[in-house]
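Q: So you can see what is in the structure, the chains are spelled out below.
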Amino acid sequence: MDWLFFIESSLAGLCTGAIYALVALGFVIIYKATKVINFAIGEIMMISAYFFLTFAGIFAWPLWLALPAAVVSGGLLGGLTEKTIIRPMLGESPISVIMVTIGLSNILVGTAQIIWGGGPQVLPGFLPRQPIFLGEIYVSSKIAFSALIAVAMLICYLLYFRFSRGGVALRATASDQAASFSMGISVPRVFNFAWIFGCMATALAGILFSASGGLSPHSGGMALAILVVVIFGGLDSILGALVGGLIIGWLETIVGAFWGGEYKMLAIFTLLTLILVIKPYGLFGTKEIERL
Amino acid sequence: MKKMLAGLAVALLSLALCFSSALAEDEIVFGETALITGVFGFAGGELHEGIVDYFNYTNENGGIRGHKIKHVFEDCGYKVDCSVAAFKKIQAEYKPLFYSGDSTGFMKAINPELKATENTLMSGVSYATNLTDAATYTRSFIIGPSYSDQMAILLTHAANEQPGAKIAIVHSDSGFGNDPIKAAKVKAKELGLDLVEVITTKSGSVDVTTDVLKLRRKNPDYVLFHGYVLTPINEFMQQMRDLGLKTKFMGTYWSSSELMIMKGGPSADGYLGVMHLNYFDMEKSPGKEWDAMRAYNLKVHPDKASRPNFYMFGWFQGMVWAEAIGRTLDAGKPLTAENLRATINAIENWDTGGIASVPVTFRNNSIPVGRIFRANIAKGRYEPVSETITIN
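Protein chains in written order, with the numbering used here: chain A, 1 to 292; chain B, 1001 to 1392.
No wet-lab data here; the hints were simulated from the structure. Source: prediction; values computed, not measured. Mixed in with the good hints there might be a few duds.
[To be verified] Below, simulated DMTMM-like cross-link-like pairs (lysine to aspartate or glutamate); rule was C-alpha separation at most 25 Å, straight line: (1) B:Lys1185 / B:Glu1387; (2) B:Lys1115 / B:Asp1075; (3) B:Lys1218 / B:Asp1242; (4) B:Lys1214 / A:Asp2; (5) B:Lys1218 / A:Glu136; (6) B:Lys1218 / A:Asp2; (7) B:Lys1185 / A:Glu262; (8) B:Lys1182 / A:Glu262.
[As the list claims (entries may be wrong)] Here are a few chain B residues that sit away from chain A, every Cβ distance over 12 Å (derived from the structure): (9) Tyr1137; (10) Ala1305; (11) Arg1327; (12) Ala1342.
Ideal Cβ placement from N, Cα and C applies to all residues, glycine included.
Okay, chain A solo, but in the shape it has when bound (with noise of 0.2 Å):
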């Protein structure tokens, strides 16, 4: 056993795992707050690196404008689905919403060929590449500050529904609509507040992807490793999707590291399979869940 290996290979994982563990945090605020499951979510991804993409690379934006420029973008556009999308079909089977979801999906493909043509981009470098050594470890720098980034707007999300009031009265109408709504909580206000809030958290995690593994209007299926995370973390539970998004991080990159790629998919549904035969609602979730 190459134990350099084992560390170096974990921490990418780890750092791999922090960037999933943003995204799930984007799904898993808006389904906690809506209960819409948003199978639009590696578009919204895709949409917002193309938004950082224009700022950045065709207008030349400088980085500090254009990144938030590109993640408050992604928020509006999800505040606009909700808006618009979403909340007409308030009352609806899930399985509709879901549809639609998925609709929503082709339709932000489709728009990214329109506007961006279909071929291969190149993100404009904000990364660092000058490689980092801790010691004998090595740790790829791009992969290390997307993962600092990550775990900063993470801290900044968790401190915000922690303590101001809008966290508050989203986590009030996760709990209990009705008691929210008859509090003076306006609840389709904090739905599309989930929206935004979640859609943010994507956009920037879209961007940070990205920017190592490039970007064309499919690039979206990179969600897949997402969903895996949020069933397996809780689909309701922001914690869940924290540890799930380092555990899958690290499982995947090591099962990589030690056995080949074409076991990672393997490895990683096997967990799922396992997580949901042991805790049926995910590691972190709430028993009551509606599934599907």
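Got chain A; can you put chain B on it based on the hints?
A: Frame of chain A, contents of chain B only:
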């Protein structure tokens, strides 16, 4: 009076029908399942335009020995079930002489039905090694070297450049990615190369850090990429260059497009791709047909001054079909699948006027020949760096 008018109308209609059917008899029909949309739409759209432009160019220049080309196609976005349905529909309606398939999966799945057709032959986007089995795929052929032959050409070039070199192969975990790996291992051994690592990546993989870690430990002289059209080759090259590795990078046809590699920046400089065609952008004209193709493209697409290698693929495929038909007609033989097949098999050292980068000779359903082109990032183009390499 009414009866007279009605009679006249019927007579005119009959004449029109006779005239149109006479025209139809003169036409040669080609079919295609196009890849204009879907995950490979960026490549398939160019490929389709290459085919369409070649047919229009040929028709404007008198057709194939006086026969105009009729081109029928349906876009299926890389979905096998749709491709099968499109093939059946086009087959039932037009009975095309040649048909372009849009994936290996489709070309394999349709083989029994293809063999049952009256006269249709098929080529397409696939370079799958299985299709070189002429006994099974009696109606299919590949218009280039198979994936195994492409790998063999790259390995031969590496062996010529640096005998005994350390080689690593990085491929995707897909039918496309796994296709030539077994053959490449055998070929590397045969050439006396030291195969130090074979890495399989998940399709669409983003984080390549651990794979780069493996490569760093083995420090190969060459890394061969196969099974990728988009990601993650650029990321591999960037991380390995950042670590100070001097490794040379190589890739097979679909991984050697200008669309991806030219965006890789300085770390992609020197990337070596195997190609049986010339690129659209070359420093010097390789031939008259190449000049004509560029001129025609500029005439009908003035906004597209440059084209990726996928466009060349489409144009070349049309050329091969037209050449087979022209030679068969010249020999005074009817246009049957058997005769066309025999004509294709007999094509030897065909000079394509600079469209192909090698003299075209068919062997075992394919053209087992290629050249190595080097990416010159500063100039934004590939340049030939090897002579023709033929795989026996």
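Q: Look at each hint and say if it fits the structure.
A: Evaluated hints:
no.	hint	verdict
1	B:Lys1185 / B:Glu1387	23 Å, holds
2	B:Lys1115 / B:Asp1075	23 Å, holds
3	B:Lys1218 / B:Asp1242	16 Å, holds
4	B:Lys1214 / A:Asp2	11 Å, holds
5	B:Lys1218 / A:Glu136	16 Å, holds
6	B:Lys1218 / A:Asp2	14 Å, holds
7	B:Lys1185 / A:Glu262	18 Å, holds
8	B:Lys1182 / A:Glu262	16 Å, holds
9	Tyr1137	27 Å, holds
10	Ala1305	16 Å, holds
11	Arg1327	36 Å, holds
12	Ala1342	39 Å, holds
Violation of the numbered hints given earlier is absent; every hint is satisfied by the structure.
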